[in-house]
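Peer 1: Residue numbers (the numbering used here), protein chains in the order written: chain R, 1 to 270; chain D, 271 to 577.
Derived from the structure by calculation, the hints contain no laboratory data.
The calculated DSS-like cross-link candidates involving lysine-lysine, where the alpha carbons are at most 27 Å apart (straight line), are: (1) D/Lys421 x R/Lys224; (2) R/Lys5 x D/Lys382; (3) R/Lys160 x R/Lys97; (4) R/Lys259 x D/Lys382; (5) R/Lys36 x D/Lys421; (6) D/Lys521 x D/Lys355; (7) R/Lys262 x D/Lys382; (8) R/Lys224 x D/Lys521; (9) R/Lys156 x R/Lys97; (10) D/Lys382 x R/Lys258; (11) R/Lys224 x D/Lys537; (12) R/Lys36 x R/Lys59; (13) R/Lys262 x D/Lys568; (14) R/Lys156 x D/Lys568; (15) R/Lys59 x D/Lys521.
In case you want the letters, here they are:
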Amino acid sequence: MTSTKRISLYAVLIICTAIMMFPIFYAVSISFMDGKEVLDGQLLPSGFSLTNYVEVFEKVPLLTYLINSFATSAIVMIGQLLVSSLAAFAFVFMKFKGRDFVFFLFISTMMIPWEATMVPNFMTIQSLGWTNNYVGLTIPFFALAFGTFLLRQHFKTIPKELYEASQVAGISRFRFFWTVILPISRSSLVTLGIYSFLTNWNMYLWPLLVTNTESARTVQIGLKQLQTQEIASDWGVVMAGVVIVILPTLILLFAGQKKLQKGLTQGALK
Amino acid sequence: MNAARELQPVQTEEQQPRKSRFAFLEGWLYLLPSIILFSVFVFYPMFRTIYLSFFLADQIGPFEFAGLENYHYILRSDSFQSSIKATVLFVLFTVPATIILALFLALLTSEKIMGIGIFRTFFSSTMGMSVAASSVIWMFMYNPSIGVFSKIAEWLGLPVIQWLQNPDYALLAVSLSTIWMSTGFAYLILLGGLQNIDPHLYENARVAGVSYFYQLRRITLPMLSPTLFFIITVSFINAFQTFGQIDILTKGGPVESTNVIVYSIYKDAFINNDVGSASAQAVILFFCVLVLTVLQFKLGEKKVHYR
Numbered sequence: 001m002t003s004t005k006r007i008s009l010y011a012v013l014i015i016c017t018a019i020m021m022f023p024i025f026y027a028v029s030i031s032f033m034d035g036k037e038v039l040d041g042q043l044l045p046s047g048f049s050l051t052n053y054v055e056v057f058e059k060v061p062l063l064t065y066l067i068n069s070f071a072t073s074a075i076v077m078i079g080q081l082l083v084s085s086l087a088a089f090a091f092v093f094m095k096f097k098g099r100d101f102v103f104f105l106f107i108s109t110m111m112i113p114w115e116a117t118m119v120p121n122f123m124t125i126q127s128l129g130w131t132n133n134y135v136g137l138t139i140p141f142f143a144l145a146f147g148t149f150l151l152r153q154h155f156k157t158i159p160k161e162l163y164e165a166s167q168v169a170g171i172s173r174f175r176f177f178w179t180v181i182l183p184i185s186r187s188s189l190v191t192l193g194i195y196s197f198l199t200n201w202n203m204y205l206w207p208l209l210v211t212n213t214e215s216a217r218t219v220q221i222g223l224k225q226l227q228t229q230e231i232a233s234d235w236g237v238v239m240a241g242v243v244i245v246i247l248p249t250l251i252l253l254f255a256g257q258k259k260l261q262k263g264l265t266q267g268a269l270k
Numbered sequence: 271m272n273a274a275r276e277l278q279p280v281q282t283e284e285q286q287p288r289k290s291r292f293a294f295l296e297g298w299l300y301l302l303p304s305i306i307l308f309s310v311f312v313f314y315p316m317f318r319t320i321y322l323s324f325f326l327a328d329q330i331g332p333f334e335f336a337g338l339e340n341y342h343y344i345l346r347s348d349s350f351q352s353s354i355k356a357t358v359l360f361v362l363f364t365v366p367a368t369i370i371l372a373l374f375l376a377l378l379t380s381e382k383i384m385g386i387g388i389f390r391t392f393f394s395s396t397m398g399m400s401v402a403a404s405s406v407i408w409m410f411m412y413n414p415s416i417g418v419f420s421k422i423a424e425w426l427g428l429p430v431i432q433w434l435q436n437p438d439y440a441l442l443a444v445s446l447s448t449i450w451m452s453t454g455f456a457y458l459i460l461l462g463g464l465q466n467i468d469p470h471l472y473e474n475a476r477v478a479g480v481s482y483f484y485q486l487r488r489i490t491l492p493m494l495s496p497t498l499f500f501i502i503t504v505s506f507i508n509a510f511q512t513f514g515q516i517d518i519l520t521k522g523g524p525v526e527s528t529n530v531i532v533y534s535i536y537k538d539a540f541i542n543n544d545v546g547s548a549s550a551q552a553v554i555l556f557f558c559v560l561v562l563t564v565l566q567f568k569l570g571e572k573k574v575h576y577r
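This is chain D alone, in the form it adopts within the complex (with noise of 0.2 Å):
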């Protein structure tokens, strides 16, 4: 602030046309770096996503063109309807349970009580556990041998499953273990949305002596629907990109019952060297986050301003 007393005193008008001739060229300079980088490293790859898709091509390059042949092929084929399948039952199995479980966990911990703090950092700390770390602790768990699970089942007197190599289950598994990494995300961007509520309206709420329940319906959730709505629509996207967890715990199997859209696409751009279908695989994952942005953006205009 200091700066701006120093730089008062000096008034020269004649600068400001020759100045704004450049201002148009310096403008672009200081934006220059990101507009390379997303046309590199974003526009085209996308591009040329959606170009290979219409050929039969490998990893070295397009050989044929195949026009819509790659999405009649996936669209036919089982394996990418048990991975559409296993997408949405994913994302349906994820999503809700996070959002539900972390919204419990910031509604819990808004409350000023003395160590409030150690609770919060406890409840966003798997925000920094990586996927892969998480992943091989949960594949412990799961262990049918030695897991924690296999345990309580045996203590509980129930019979021990083989979580991860049943294909009834294996989603299932995947899916909790997923939930568990996400909630410390939506946690932390759900207690940061119920602290930015007016603290005014519980105060007069408070005077007018209604129920917490009442509270919740009538001032904390409407209030916060603008962060709940951010945070399911980016949840969604996050679900339907899931890899890493899919790579370690269990490959995509037991039977494809966790071939998630993205490992597909990994799978089959290289593992089976078949980028058109890949391509294919990958456009349609484009237009599923498309809708969702789109969707996000329309709906939550009112709430979401970036102008």
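Same shape as in the complex, but just chain R (with noise of 0.2 Å):
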């Protein structure tokens, strides 16, 4: 490449972080400013004063709702990674009637939209009663058929001769696939696992519906408190409420985003 190209080439590409990273970088910026100055509509903060971040945490409980959205994230990033692999595992190393039957149903699981269901999913959480709990937030997302492709891909490259080696030493099914196979896919449980917090960490609409109480609440639906009561006073702090929230995923996107690309076309192509 030329060098002119090349320093064409680096101006495209800051224009283009310019334009793309603007409203964060604006976010993050209003998070410091006090109410005069967001209503001056400044682009800079005079100071990096953190009276915002500190008001946030009094005008809405947002360390319950931080609390509720890490330990909900956790809760079904590890049951999706046991379901899926669990059952990637039957797909790639068992062989039994019914299983091309059981294979299209995970896939038909695809077309139907989730929103399409949320009516009839709402009323079995609450006759369950599991509203307002950890257990409605979190068990109906479980099984992903997503998740189940994406490992079944990295199962099948595992050499078969391990798997027979292992039925001939007389090594049962679970065991083999508790300490052989899971070991040896980590890259891919990783890659799953930060798609699957990411998702869960910025659910809205399931959140919205089956809790209603603030020590059920996660932090997406306390932006939306927080926006509604604030909008009129203070910008400032709703803003730092939104720099909270988005930093532990932008930084599991940071450390993750070169897995999460192999991973995730992976799993969408081959």
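Two chains, each in its own frame: build the complex with the hints.
Peer 2: Below you can see the structure in the form of structure tokens.
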């Protein structure tokens, strides 16, 4: 590449970055401003005062929401990893009657949009008494066709001889799954884990339906609450809330971007 | 891999038949958690939704058989028609723009130059942004008195627009924020697709001395087409399922100009307590997504292997 080309490429990249990152930068900037600076429509804060960050924890029970979001995301992540890897293991290493039919069932779940089933799901959760707790927020998401396909893709690359050898040695299938397959599939599990944590941390509609107490809410619903009650008075506080909520997922994304990109493309296409 | 070596020596043929008898049950045992969960939270509620769509129902349950009455009712109602219009427009505003923007960024960053990693991270960052957080930020940017769009308009001497309060602009404003939110994911998928293209193809093209755009048209886009096809379908499906940004930015208004189908279902079921009508709309949503998914499987069959 010639140097003129290189310089113009960098220029385009920088312009694109400025546009794409502007909303995030703007939110961070506003979160450090006091009321007057916000109203003046400034782009940069005059200092880095943490007042808004302190205040947001007083205005809404943000700490409770953060704990709820962390807990439910972690539970769903572990649940999805377990349930998906068990299913993927059966699809790859076992031959039995009805397997293809079950595989078709898995595919068909991808054609049913979650939003089309939310009303009966809400009724189910309500009749089970699972509203306002972690069970209702997590259990419905444990089974994931996408996750199963992603892991199945990886399990298929594991040499069949390994499985045959374990059979011959009389090691139980479950022990083989637990002590051999899971450890060598670590990277795929991490990819799926990141994806599942991200998705569940960012979930909005379901927590909105099944939680209505402050002790059960997640951060996303907390943001809505913050925005509705603070909008007229203090944007700085609202943005401090936004920054706190996006920080964990942005860090996770920055750390796992390469893995995610590889894993998602594989799960999607191969 | 060490495990394989340790496991090699023992050879007992007799054990095999006994094992295979249990294999049937054991296989199902591994699938059981998924099957139960899918049954309870995917298949049952889907059938239940179809069932409820033929009844007059509230949140307690169905109370009177109505046949196709719900469908008749929604298809004739102005509210549902505006909802269909909003959904279709929203999809058309967001999907092509997202794909083109993501593809452009992916092409830019597929060049191997110094520091490209940081740009890749930046461009995929919106994938980590939740709908709620993004919507709150965009709501501020659209604020007619202090938001950045008004500041730019003022600065350029243009009239200040009430983006979210004006029925002519609200859907456009929501769409713009959605394009931003969905670009990160589409970008990540497309970048992955670009990096899977065999580099030898480009070396040959370089030897032949063809132009960049020729290369793009004859190598990159054809080789990327399965990925492109996948992300287009997924984006369509995602766009049909939009809810969060509508709930935070506009609540379906003004004058139902942003009342997309999922928001309309939500409103009917949980605010108007008309579960029958909500279910009928959900069935329509289901068929839209079904058609798109089947289309993906059929058209993408050759490239998308699930077996």
